[in-house]
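K.L.:
Residue numbers for the sequence shown follow my numbering, so the first one is 1 and each next one is one higher.
Be careful, since some hints might not be right.
[Stated by the list, open to error] Computed list of lysine-lysine pairs in DSS-like fashion (alpha-carbon distance at most 30 angstroms, straight line):
| id | residue 1 | residue 2 |
| --- | --- | --- |
| 1 | K176 | K64 |
| 2 | K527 | K64 |
| 3 | K300 | K518 |
| 4 | K518 | K475 |
| 5 | K475 | K527 |
| 6 | K300 | K64 |
| 7 | K300 | K475 |
| 8 | K518 | K64 |
[To be verified] Pair ranges (Cβ atoms, derived):
| id | residue 1 | residue 2 | range |
| --- | --- | --- | --- |
| 9 | R437 | R74 | 50 to 60 angstroms |
| 10 | S392 | S108 | 44 to 54 angstroms |
| 11 | A80 | G538 | 48 to 58 angstroms |
| 12 | R591 | G476 | 37 to 47 angstroms |
| 13 | E100 | E299 | 41 to 51 angstroms |
| 14 | E594 | R495 | 50 to 60 angstroms |
| 15 | E567 | D319 | 44 to 54 angstroms |
The hints are simulated quantities; they were obtained by calculation from the structure and are not laboratory data. Every residue, glycine too, gets a C-beta built ideally from N, C-alpha and C.
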Amino acid sequence: MASAILDGLNAEQRRAAETLRGPVCILAGAGSGKTTTITRRIANQIASGAFAPTEILAVTFTEKAAGELRARLRALGVAAVPARTFHAAALAQLSALADEPPGAVLPSKALLLRQIGNSLPRPYRFRPAGDLATEIEWAKNRRVGVSGYLDALGRHEPPIPPDLMARVYREYERRKAAAGRVDFEDLLELAIRMYDRSAAALERFRARYRAFTVDEYQDVNLLQQTLLERWLGDRDDLCVVGDDYQSIYGFTGASPEHLLSVPRRFPHATVVRLEENYRSTPQVLALANRLAPSLGGAEKELRAVAADGPEPELRVFLDARAEAAAIAEAARALHERDGVPWEEIAILYRTNARSEEFEAELAAAQVPFQVRSGAFLERRAARRLLAVLARSPGEPVLAAVEAAVAREGYERDGAVGLGEQEATRQEDLGRLLALAREFDAPGRTAADFVADLTERFRSEGAGRGVQLLTYHRAKGLEFEAVFLTRLEERELPIRQARTDEDVAEERRLLYVGITRAKRRLFLSRTKAPPSRFLAELGLHGVPPRVTPADERADDPVFGALRTWRLERARADGVPPYVVFHDRTLHAIARRRPETPSELAEVSGIGAAKLERYGSDVLAVLARL
Numbered sequence: 001m002a003s004a005i006l007d008g009l010n011a012e013q014r015r016a017a018e019t020l021r022g023p024v025c026i027l028a029g030a031g032s033g034k035t036t037t038i039t040r041r042i043a044n045q046i047a048s049g050a051f052a053p054t055e056i057l058a059v060t061f062t063e064k065a066a067g068e069l070r071a072r073l074r075a076l077g078v079a080a081v082p083a084r085t086f087h088a089a090a091l092a093q094l095s096a097l098a099d100e101p102p103g104a105v106l107p108s109k110a111l112l113l114r115q116i117g118n119s120l121p122r123p124y125r126f127r128p129a130g131d132l133a134t135e136i137e138w139a140k141n142r143r144v145g146v147s148g149y150l151d152a153l154g155r156h157e158p159p160i161p162p163d164l165m166a167r168v169y170r171e172y173e174r175r176k177a178a179a180g181r182v183d184f185e186d187l188l189e190l191a192i193r194m195y196d197r198s199a200a201a202l203e204r205f206r207a208r209y210r211a212f213t214v215d216e217y218q219d220v221n222l223l224q225q226t227l228l229e230r231w232l233g234d235r236d237d238l239c240v241v242g243d244d245y246q247s248i249y250g251f252t253g254a255s256p257e258h259l260l261s262v263p264r265r266f267p268h269a270t271v272v273r274l275e276e277n278y279r280s281t282p283q284v285l286a287l288a289n290r291l292a293p294s295l296g297g298a299e300k301e302l303r304a305v306a307a308d309g310p311e312p313e314l315r316v317f318l319d320a321r322a323e324a325a326a327i328a329e330a331a332r333a334l335h336e337r338d339g340v341p342w343e344e345i346a347i348l349y350r351t352n353a354r355s356e357e358f359e360a361e362l363a364a365a366q367v368p369f370q371v372r373s374g375a376f377l378e379r380r381a382a383r384r385l386l387a388v389l390a391r392s393p394g395e396p397v398l399a400a401v402e403a404a405v406a407r408e409g410y411e412r413d414g415a416v417g418l419g420e421q422e423a424t425r426q427e428d429l430g431r432l433l434a435l436a437r438e439f440d441a442p443g444r445t446a447a448d449f450v451a452d453l454t455e456r457f458r459s460e461g462a463g464r465g466v467q468l469l470t471y472h473r474a475k476g477l478e479f480e481a482v483f484l485t486r487l488e489e490r491e492l493p494i495r496q497a498r499t500d501e502d503v504a505e506e507r508r509l510l511y512v513g514i515t516r517a518k519r520r521l522f523l524s525r526t527k528a529p530p531s532r533f534l535a536e537l538g539l540h541g542v543p544p545r546v547t548p549a550d551e552r553a554d555d556p557v558f559g560a561l562r563t564w565r566l567e568r569a570r571a572d573g574v575p576p577y578v579v580f581h582d583r584t585l586h587a588i589a590r591r592r593p594e595t596p597s598e599l600a601e602v603s604g605i606g607a608a609k610l611e612r613y614g615s616d617v618l619a620v621l622a623r624l
């Protein structure tokens, strides 16, 4: 049985799986099979008789990850090992061991904090509840209560002035208690206090659980680490697995130091390094390894199992729109020329505010896409603006939008010390205003603008397509082809990164982005100052170059088609790209079709557009 459990493991994975007793520290590089390793180890612990299934507790950070652990264990014939998130484990223990069970758990802090935020002075009334929730979690994960909040801030900057944030925190705790509710951080704090106060509860728990496995240990914060220490006591049957190079949740209080300090806390620990990468090509890993010396921590050098692939490349563009347009065309080429499935292509950006540029260009190029949380029209600024415009559909577009963004607290000159969600909201308001100015023309109304936005940012993917997501959202995922975008100062590292620790975490974000790619990796920036991390990678790129599309811009056939498109768009009252994208016009000019059937063969011309515009296009071509 044990030999079957260990089949297929490499030497280091096998060493970890065969070490049945703790402490064990597994430093697992990206794509190195950490989940395989820890589930095989748990199965081996049980098969060897070292522990019964019910004596082992496995914990991780998301329900999805916990579900994956359970599924892998079931596939190995192990069904009785609890695999839970920290919060689910704490809730189960409180329900079983506390004198009084905890109150109902708040599914989200947002509703309470939105109500509290509405009572703030006007300049801060519009701050997203998510930023206020993140700040409260920052405090609670460090075990900082309301009374100690202001003293604990140090150099940390809350999303609103500290005295106001302290007021929000106090009122949040008051309202939560009055409703008899607890939040997720409370579950961990209550479990810690239960064990500190009740020797009987602690004894019952430790009699039940004798061995612990903690996944993604680089993301543990002080609150979680404190609960883990209560579980362990003076025992050491602990296995932790993680990668300090991928520690990217400092804003929650997470720190890679808990992982890195295991050999100091447990001098007799078995330390295993997993460096064989099963995901990426040698070329992708060579680039990631160039960044490794600047990451500090536990040295790891990834070694590829996969075959060679193309070299990663850095491209420089004149502006963000040119970058997004080129990436849309490159994604199409990967799919149509190389056969890469749409879902295996990912475009990564630092904040949700950047998705709009790519959504617009992908939609215009008729490339299907999906946004993993935070699509432009689903974000707060756009949702509220569209709702306001729907109530006054006949108003002139620019006046209506200017009034709406003013009511939403738009700060035209920017603002300092904003949380990430508020910074995104402000950028979205500015972008909506810019789009309204671009769209504005005599006779155009708010309703026309809403229809234009809906068309411009409509994904034709129907739940499939190129994936748009932030670096944080991409962690734990992998794609055949990855585009890392806007690699510039104030983007990555983000402008809010002021301390050395902040910049170090931004560098780790880039490392996470690089190691998402299986075979194709593209890096890009605009003419803005390049990210300092590009120099560490040895990438400088070339000056912005004229693209093939630009070279064809002087083609008289393309010029004639573009003139016709502009006239037709004005007649129809729609933006030119709704008629045909530039890419389609270039293809028509290159192929010079003479019949409807020949025109239908051009990519980007479906049956509806052929019927609507086909005769006009052929007439333009016939005159040349």
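K.L.:
Look at each hint and say if it fits the structure.
P.N.:
Taking the hints in turn, this is what the structure says about them:
no.: 1; hint: K176 - K64; result: holds (27 angstroms)
no.: 2; hint: K527 - K64; result: violated (40 angstroms)
no.: 3; hint: K300 - K518; result: holds (19 angstroms)
no.: 4; hint: K518 - K475; result: holds (14 angstroms)
no.: 5; hint: K475 - K527; result: holds (28 angstroms)
no.: 6; hint: K300 - K64; result: holds (27 angstroms)
no.: 7; hint: K300 - K475; result: holds (18 angstroms)
no.: 8; hint: K518 - K64; result: holds (22 angstroms)
no.: 9; hint: R437 - R74: 50 to 60 angstroms; result: holds (57 angstroms)
no.: 10; hint: S392 - S108: 44 to 54 angstroms; result: violated (31 angstroms)
no.: 11; hint: A80 - G538: 48 to 58 angstroms; result: holds (51 angstroms)
no.: 12; hint: R591 - G476: 37 to 47 angstroms; result: holds (44 angstroms)
no.: 13; hint: E100 - E299: 41 to 51 angstroms; result: holds (49 angstroms)
no.: 14; hint: E594 - R495: 50 to 60 angstroms; result: holds (54 angstroms)
no.: 15; hint: E567 - D319: 44 to 54 angstroms; result: violated (27 angstroms)
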